[in-house]
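A.B. asks: Residues per chain, in single letters:
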Amino acid sequence: NAGVMQNPRHLVRRRGQEARLRCSPMKGHSHVYWYRQLPEEGLKFMVYLQKENIIDESGMPKERFSAEFPKEGPSILRIQQVVRGDSAAYFCASSPPETGGTGELFFGEGSRLTVL
Amino acid sequence: AQSVTQPDIHITVSEGASLELRCNYSYGATPYLFWYVQSPGQGLQLLLKYFSGDTLVQGIKGFEAEFKRSQSSFNLRKPSVHWSDAAEYFCAVGTTSGTYKYIFGTGTRLKVLA
Chain A
1 NAGVMQNPRH
11 LVRRRGQEAR
21 LRCSPMKGHS
31 HVYWYRQLPE
41 EGLKFMVYLQ
51 KENIIDESGM
61 PKERFSAEFP
71 KEGPSILRIQ
81 QVVRGDSAAY
91 FCASSPPETG
101 GTGELFFGEG
111 SRLTVL
Chain B
117 AQSVTQPDIH
127 ITVSEGASLE
137 LRCNYSYGAT
147 PYLFWYVQSP
157 GQGLQLLLKY
167 FSGDTLVQGI
177 KGFEAEFKRS
187 QSSFNLRKPS
197 VHWSDAAEYF
207 CAVGTTSGTY
217 KYIFGTGTRL
227 KVLA
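In the order they appear, the protein sequences are chains A and B.
Quick note on numbering: this note's numbering labels position 49 of the first sequence as 49, and the sequence is numbered without any gaps.
Quick note on numbering: this note's numbering labels position 100 of the second sequence as 216, and the sequence is numbered without any gaps.
Among the hints, erroneous ones may be present.
Stated by the list, open to error - To give an idea of the chain A side of the interface with chain B (calculated C-beta under 10 Å), a few residues:
hint, residue
1, Lys71
2, Phe106
3, Gly108
Unchecked claim - From chain A, some residues computed to sit far from chain B (all C-beta separations above 10 Å):
hint, residue
4, Gly28
5, Ser30
6, Glu63
7, Ser87
8, Glu109
Keep in mind that the hints were calculated from the coordinates and are not lab data.
Cβ coordinates follow ideal geometry from the N, Cα and C atoms, glycine included.
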């Protein structure tokens with residue numbers, strides 16, 4: 001059973017370009033979470049999605065950032081018009097549908113975005 | 117609002133010494149608490165979790181943690197540290213009301229001296 005798969009592992013973009021980060025949850029998991037990690041700042045919650053629904057996006061910047069988790073295919077975190085401050089590691093995690101905030105999160109290995 | 121505080125950003129211990137990493141949380145209801153470990157360049161791996169019952173929980177790799185409601189703490193301990201334990205450790209609280217999300221602390225980076 002494959003774990004949470006994130007791609008690309010490393011992404012370099014120039015300022016103003018778009019970044020798309022993909023996350024395939026573990027088989028049978030319908031809850032996906034995105035976190036951003038900056039040095040010395042730990043993991044910051046960005047968004048919580050279920051299939052075809054955004055449940056909580058309270059951690060997402062109001063502009064340029066969006067996320068989706070379609071019925072088919074991976075979850076995508078999209079950053080438009082990237083700026084240097086978007087450089088970070090972005091982690092996706094998934095959990096089974098019945099656990100809510102009580103079960104283990106399974107993390108991918110992260111996507112490291114560098115904005116030149 | 118829910119929050120998790122890890123007061124120690126960096127900790128250095130000698131191999132074989134005991135370890136305690138501190139975690140304090142703020143949450144109005146019964147918390148679901150977790151400790152995760154992150155090796156460089158990797159994702160996070162669950163060490164242990166507390167939901168209810170015995171306040172001393174055992175995890176993988178010889179780690180344990182004790183939940184103290186009166187102190188709002190969930191400190192991680194290991195009696196004898198190995199060089200391979202060098203990593204970053206994150207405490208997290210899972211919310212069970214609202215939208216069920218997980219709040220992480222800022223992490224403690226552990227360095228182990230040979």
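A.B. asks: May I ask which of the numbered hints given earlier this structure violates, with the numbers listed in increasing order?
C.D. replies: Hints 1, 8 not satisfied by this model.
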